[in-house]
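Engineer: The sequence shown stops at residue 460 when you use the numbering used here, and every number in between is there.
By construction, these hints were calculated from the structure, which means they are not laboratory data. Just to be clear, a hint being listed does not mean it is correct.
List of simulated lysine-lysine pairs, PhoX-like, C-alpha gap at most 20 Å [claimed, not checked]:
1) LYS250 x LYS293
2) LYS413 x LYS448
3) LYS209 x LYS249
4) LYS171 x LYS197
5) LYS393 x LYS337
6) LYS197 x LYS249
7) LYS171 x LYS190
8) LYS346 x LYS293
If you anchor each label on the Cβ, the simulated ranges turn out as follows [as the list claims (entries may be wrong)]:
9) TRP429 x ASN227: 54 to 60 Å
10) THR149 x GLU187: 19 to 25 Å
11) ASP342 x GLN99: 15 to 21 Å
12) ALA292 x SER86: 25 to 31 Å
13) SER178 x ASN227: 19 to 25 Å
14) GLN99 x MET271: 19 to 25 Å
15) THR144 x ALA292: 23 to 29 Å
Model, not experiment: these values are computed from the prediction. Even for Gly, the Cβ is constructed at its ideal location relative to N, Cα and C.
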Amino acid sequence: MAKPTPVASAEEAAALRRRLRRLVAAVAAGSADAEAFDEAAEALAKLRDGELGPRKDRAVAAGGGVDKGGTEAAAVPEQFLCPISSEIMRDPVVLASGQTYDRRFIQEWLSAGNRTCPQTQQVLSNTILIPNHLVRSMISQWCTDNGITLPPVENQEEDLVTNNERKTFSKIFERIASSSNLSEQREAIKDLRLLTKCNSSLRAAIGEKPDSISQMISTVSNPELENNAEVLEDMVTTILNLSIHESNKKIIGDDPLAIPFLIRTLQSGTMEARSNAAAAIFSLSALNSNKAKIGELGAMRHLVDLLEHGSMIAKKDAASAIFNLCMLHENKSRATKSGVIDVTLKAIADDSLVDESLAILALLSGDHETVEEIGETGGVASMLRVIKEDQCKRNKENAVAVLFAVCMYDRTKLREIAEDENLNGSLAWLAQNGTSRARRKAAGILDKMKRAVHHTHYSC
């Protein structure tokens, strides 16, 4: 295929997108010939080069290729690449299928009329895109470690609220707040859940009436509504939907009833309600002020309980919320006191949520109290097993980071590590073949082991 001509203007780019949508639709319908595939590839290449620059200029931004010194640049962990574009994700978001994509590429897929997950082909129950702050922070850390600067994320918010949407919003809240008919209130709450799921402008409307959150939550003071599982699920899911809009995170966090309501639901709701409450806390915890409030109000122990006993989806939501909250130092000790070390080590031993558990432990490993507990509860053997057996480079990196922290605080663990190293040589291999950070940590542990041997020999 001939090298594509770069996109010359915004009009040409828009025309290319329309053309690409038609071609993708034909491919998806099974009616495309070989020429259509070639044409689609050419259009996609033009768009990519026009928006991101030629591929050779993107080598460093993508983390591959050769750096200025002529050495091979670090390979990008696969989980940091968008499955659609194969580029590092600048704004990772979670689709209803649970898969993570870069926002602009999955938005383009959905805007073309597709209602399936590109990876799993699962039919989507909704098209809400939830920011994946966990993956975003991991990408940011990796880029910092490897000297890579990603372009800033463009503002994706749509804050235009029409008069009709304002009227719809007001009418629903009137039905919720003033109706003496419980059946009418239940229907109004369900309607709000459905509308906030698919209407981004309606989600923005809450900014014009921030007291509406308390208004809605106050309705459950009626025992018949408070004990209705479906109503609580609808309300907590509505708060989750509203929290997706960036400017709503502060509004919801500042509401005196919202976070306590989410925590109560975490404690005693149905599994779906608890899962959505954890997802809402995850979304709200993007703001440091909300991280502090959520931690102070006692959410951590309920999140840890959900991480241990929830459904798989609920466990993932809880893990993401715990990780985000622990980015605030004060919440690290709260997580440790709530039993997160035992729960994550057990999950790793059971080969369940290994990625998420290791990410949490690595984040917590800067806290002395946490590292002590990891060392005392079999964490060293667990991390060594991950380094030996896990195929994921990011998991090996997190495991050796935890191991390095344990060695820093408790040098007596060096003997256990040295015995394993003599048998398997895992750290020596990682010091040569791991990620940049993993190589540094592995080399640091090996150096400590040598010093310990030298010191023992000298003392004798």
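Engineer: Confirm or reject each hint.
Structural biologist: Hints, one by one, checked against the model:
no. : hint                        : result
1   : LYS250 x LYS293             : holds (11 Å)
2   : LYS413 x LYS448             : holds (11 Å)
3   : LYS209 x LYS249             : holds (14 Å)
4   : LYS171 x LYS197             : holds (17 Å)
5   : LYS393 x LYS337             : violated (29 Å)
6   : LYS197 x LYS249             : holds (16 Å)
7   : LYS171 x LYS190             : holds (14 Å)
8   : LYS346 x LYS293             : violated (29 Å)
9   : TRP429 x ASN227: 54 to 60 Å : holds (57 Å)
10  : THR149 x GLU187: 19 to 25 Å : violated (51 Å)
11  : ASP342 x GLN99: 15 to 21 Å  : violated (30 Å)
12  : ALA292 x SER86: 25 to 31 Å  : violated (38 Å)
13  : SER178 x ASN227: 19 to 25 Å : holds (22 Å)
14  : GLN99 x MET271: 19 to 25 Å  : holds (22 Å)
15  : THR144 x ALA292: 23 to 29 Å : holds (24 Å)
Violated hints, in rising order: 5, 8, 10, 11 and 12; the structure is consistent with all others.
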